[in-house]
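Under the numbering used here, the first residue of the sequence shown carries the number 7, and numbering increases by one thereafter.
To be clear, the hints were calculated from the coordinates, so they are not data collected in a lab. Note that this is a predicted model, so its numbers are computed, not measured. Treat the hints loosely; a few may be bogus.
[Claimed, not checked] Label pairs and their calculated CB-CB ranges:
| # | residue 1 | residue 2 | range |
| --- | --- | --- | --- |
| 1 | Tyr-132 | Pro-67 | 40 to 50 Å |
| 2 | Trp-75 | Ala-126 | 11 to 21 Å |
| 3 | His-128 | Ala-64 | 31 to 41 Å |
Note that beta-carbon positions come from the ideal geometry of N, C-alpha and C, so glycine has one too.
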Amino acid sequence: MVHVLSSRILLHPADPERSRIFYGESLGLPVYREFGTGPERGTVYFLGGGFLEVSGRASAPPVPCLELWMQVADVRAAYDELSARGVEVLREPVREPWGLIEMWIRDPDGHRIVVVEVPADHPLRYRP
7 MVHVLSSRIL
17 LHPADPERSR
27 IFYGESLGLP
37 VYREFGTGPE
47 RGTVYFLGGG
57 FLEVSGRASA
67 PPVPCLELWM
77 QVADVRAAYD
87 ELSARGVEVL
97 REPVREPWGL
107 IEMWIRDPDG
117 HRIVVVEVPA
127 DHPLRYRP
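All chains, full assembly: derive it from the sequences and hints.
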């Protein structure tokens, strides 16, 4: 088996600066590290237990097939904050049949981001 020490999602956006503004300012993700110079420099953001690297530039228009799943403590507070920052909300927070509270947003290249709250009574938190 491969022993994975770290992992990250690599995103090569159509407009790197627009994506850095979205992930760094609109979403408020903290920066782990930056590298290179110029408009296509790399920025790596903390994503809880992983990382998101925005670097380079897409050679063709990105196909929005990537989906990110980000857990937060309070999805309603995240909704209020992100809406106030002008983030495109595809769907307001809803308690799903499987018990999670999910909100859907979209990044500048059209990738869907699911912002999730795991309620205290959900089986992911419950330990008999």
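Now for the hints, and whether the structure bears them out:
{"no.": "1", "hint": "Tyr-132 / Pro-67: 40 to 50 Å", "verdict": "holds, 44 Å"}
{"no.": "2", "hint": "Trp-75 / Ala-126: 11 to 21 Å", "verdict": "holds, 19 Å"}
{"no.": "3", "hint": "His-128 / Ala-64: 31 to 41 Å", "verdict": "holds, 37 Å"}
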